[in-house]
Amino acid sequence: ILNVEQSPQSLHVQEGDSTNFTCSFPSSNFYALHWYRWETAKSPEALFVMTLNGDEKKKGRISATLNTKEGYSYLYIKGSQPEDSATYLCAALSYNTDKLIFGTGTRLQVFP
Amino acid sequence: DAGITQSPRYKITETGRQVTLMCHQTWSHSYMFWYRQDLGHGLRLIYYSAAADITDKGEVPDGYVVSRSKTENFPLTLESATRSQTSVYFCASKTAFLPLGEQYFGPGTRLTVT
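Residue numbers (the numbering used here), protein chains in the order written: chain A, 1 to 112; chain B, 1 to 114.
Derived from the structure by calculation, the hints contain no laboratory data. Values in this document were obtained by computation on a predicted structure and should not be read as measured data. Only true hints are included.
For the chain A half of the interface with chain B, some residues (derived, Cβ under 8 angstroms), not all of them:
| # | residue |
| --- | --- |
| 1 | Ala32 |
| 2 | Ala46 |
| 3 | Leu93 |
Glycine included, each C-beta is placed from N, C-alpha and C at the ideal position.
When you get a sec, could you build the whole thing from the sequences and use the hints?
Shown next as structure tokens:
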């Protein structure tokens with residue numbers, strides 16, 4: 001079973017600050033990496049699905065990169081806003097399985 | 001309503017009781033999943049199903065039973081609830097046409113076992 005780790009566990013930033021956090025996963029048998037955004041009292045919603053080494057995806061002020069050889073992905077938020085406050089989950093999928101293994105998330109709070 | 005729904009949204013039950021959590025999706029997605037969310041553990045997979053009548057265990061299946069007689073429904077049953085099963089339960093689905101595609105989550109069921 002994959003072990004997916006995220007750091008930091010939590011992050012407090014001021015509005016306007018840029019921030020980033022890390023997802024680490026075993027690089028062997030890697031197939032795909034998902035990022036989800038999870039607001040309090042809501043359901044997780046997908047941000048990105050990434051598969052290729054060097055992949056970079058962007059949605060508005062949020063972007064993510066993927067390094068499958070060393071087993072990590074970064075999520076960046078440029079100019080954080082209070083509405084970006086949420087828990088950001090990553091999850092890895094390995095070959096020959098239908099099971100996503102989730103990390104424990106990074107909880108981001110953006111203060112106005 | 002379209003989408004993925006869960007019922008009940010909140011449930012309190014006693015130790016030893018059987019309780020069933022319902023999940024229904026209207027997209028005809030082949031895959032459905034049950035997760036539990038606990039502090040310090042994130043989301044952990046309990047069971048999943050690749051299609052009707054096909055189910056498989058996840059990371060933490062003990063104490064749970066699932067069935068999938070229809071594509072749109074994926075009930076999760078706690079046969080004899082224990083306090084350690086107090087958690088928030090999320091159901092999710094995804095299409096088989098995008099094997100790497102994202103999962104869509106229901107609103108969650110908060111279960112308390114007293």
